[in-house]
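Using the sequences plus the hints, can you model the full thing?
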Amino acid sequence: KAGVTQTPRYLIKTRGQQVTLSCSPISGHRSVSWYQQTPGQGLQFLFEYFSETQRNKGNFPGRFSGRQFSNSRSEMNVSTLELGDSALYLCASSYMTGLYGYTFGSGTRLTVV
Amino acid sequence: GNSVTQMEGPVTLSEEAFLTINCTYTATGYPSLFWYVQYPGEGLQLLLKATKADDKGSNKGFEATYRKETTSFHLEKGSVQVSDSAVYFCALLAAGNKLTFGGGTRVLVKP
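Chains L and U, in that order, give the protein sequences.
Okay, so the first sequence: first residue is 213 according to our numbering, each after it adds one.
Okay, so the second sequence: first residue is 2 according to our numbering, each after it adds one.
Just so you know, these hints were derived from the structure itself, not from any lab.
Errors might be hidden in some of the hints.
[Claimed, not checked] Interface residues of chain U toward chain L, partial, derived using beta-carbon atoms under 7 Å:
| no. | residue |
| --- | --- |
| 1 | SER33 |
| 2 | GLY44 |
| 3 | LEU47 |
| 4 | LYS50 |
| 5 | VAL83 |
| 6 | LYS99 |
The structure presented is a predicted model; accordingly, all values stated were derived computationally and were not measured.
Cβ atoms here follow ideal geometry from the backbone N, Cα and C, with glycine treated the same way.
What follows is the structure, encoded as structure tokens:
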């Protein structure tokens with residue numbers, strides 16, 4: 213079966229712009245989580261959605277937001293981009309909870325210039 | 002809060018050598034523990050997991066045992082291959098359904 217699909221793979225944006233990243237989970241998976249990966253901070257949890265509701269949120273500013281659609285696809289949005297937002301953004305899906313292990317996508321590499 | 006500490010790399014080994022990556026954690030309650038692996042240019046792949054004390058997770062020759070008394074989940078493999086070169090992440094899942102990751106350990110296996 214198809215894995216977790218993230219689009220686009222690469223993005224270059226300018227400071228102050230906004231960006232939307234997309235994630236299609238494995239069919240049947242209802243939980244979608246987002247993580248930010250940077251060399252300095254490592255992997256940090258952004259938020260988790262389950263059945264179109266944000267179930268958990270990490271310690272990121274309000275510029276970071278997300279949503280989940282009825283087909284479980286998810287998007288995350290970052291407004292007013294800063295240089296420090298340059299990172300690999302990973303989406304992960306699971307059936308109900310992460311207890312069974314998350315399946316990660318290949319990520320979207322965002323570069324802010 | 003929850004935290005995971007793992008040994009810093011890089012760890013450089015020869016093929017067929019024994020690999021150990023140490024991982025210790027701090028958490029409230031009874032977390033589940035995971036090892037994920039990341040190959041260059043890719044996302045994370047679940048390598049193995051353990052959900053309660055004394056559980057042993059195993060996959061592809063890798064093993065790790067959930068030790069509650071020492072709050073550890075060390076990863077081991079008896080004979081590594083060049084294809085095992087990657088970054089390995091120890092992680093815990095506690096209340097709130099979010100993974101807390103260690104900093105990652107880069108492993109380089111030379112032929």
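Going down the list of hints, with the structure as the test:
no.	hint	verdict
1	SER33	holds (6 Å)
2	GLY44	holds (4 Å)
3	LEU47	holds (4 Å)
4	LYS50	holds (6 Å)
5	VAL83	violated (22 Å)
6	LYS99	holds (4 Å)
Figure legend: structure checked against the earlier numbered hints; the only hint not met is number 5.
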